[in-house]
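Chemist: Residue numbers (this note's numbering), protein chains in the order written: chain V, 2 to 62; chain R, 17 to 157.
Fair warning: there could be bad hints in the mix.
[Said to hold, decoys possible] Below 35 Å or equal to it, Euclidean Cα-Cα: the simulated DSBU-like pairs (lysine-lysine) are:
hint	chain 1	residue 1	chain 2	residue 2
1	R	Lys57	V	Lys25
2	V	Lys25	V	Lys8
3	R	Lys57	V	Lys8
[Stated by the list, open to error] Sample of chain R residues facing chain V (criterion: CB under 10 Å; computed from the structure):
hint	residue
4	Glu51
5	Thr52
6	Arg91
7	Phe107
8	Pro111
9	Ser112
10	Ser118
11	Ala122
12	Leu125
13	Ala128
14	Ser131
15	Gly132
16	Gln145
17	Ser146
18	Gln151
19	Phe153
[Unchecked claim] Computed Cβ-Cβ distance ranges for the label pairs, DEER-style:
hint	chain 1	residue 1	chain 2	residue 2	range
20	V	Asp60	R	Glu74	36 to 42 Å
21	R	Ser146	V	Glu48	19 to 25 Å
22	V	Glu49	R	Gly81	38 to 44 Å
23	V	Gly30	R	Glu30	31 to 37 Å
In short, the hints are calculated from the structure, not lab data. Yeah, the Cβ is synthetic: ideal placement off N, Cα and C, and Gly gets one too.
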Amino acid sequence: MAVESPKITSVIVEAGEYPDLVRKYHVSGVPKTMVNGTVEILGARPEEDFVRTAMSAADAA
Amino acid sequence: MPILSPTDAARVREMLATLPGPVRLVFFTQTLNCETCEPTKQILGELAELSGQITVEERNFLLEGDLAAGYGIDRVPAIAVVGAQDYGVRFLGIPSGYEFMSLLDAIQLVSAGDSGLSEGSRAMLASLQSPLALQVFVTPT
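Excised from the complex, chain V in its bound form (with noise of 0.2 Å):
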């Protein structure tokens, strides 16, 4: 997706370094991907799904 659009960045964590982030944003399994820092999307989902999910922070924002 970020490859897709100048206005997305990506960045994947190991979620066993950084303690701190894991419990800011409640990670108790993984895959889970946080957009903008409030929508949260577990596990993985179809492509087309996880992009209109993810768009919608953009539309909360």
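Place chain R on chain V using the hints.
Modeler: Then chain R, alone, in the frame of chain V:
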């Protein structure tokens, strides 16, 4: 002692053989208080050996704070995966195990400069008006 086994190294070399464009791994590290910085450096070094398209650019997180901030990096070890342009792809933490595969995927994507997404996804993203910052939490196993 290499981290990648000879078998893994051969497989990775094969995967990376078709990289269409150069990829720069801008690696932010520090000497003290970072247990995984040194092994990360070793993994990236071994990776760069496997493809002429991959270069590792090591940066000191403490001494080059402005540069790190420019890449949006606030902790180490961190890697900015940069192709013909910076697409905003970052890795925080050591890219071992499953995350190593994610790093290979990211390298292939930025090298090609093509997301590989479906037409439907591309159409949706083309209408994006404001920034999206994705943080994907993963574990190495």
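Chemist: Out of the numbered hints, which ones does the structure contradict?
Modeler: none
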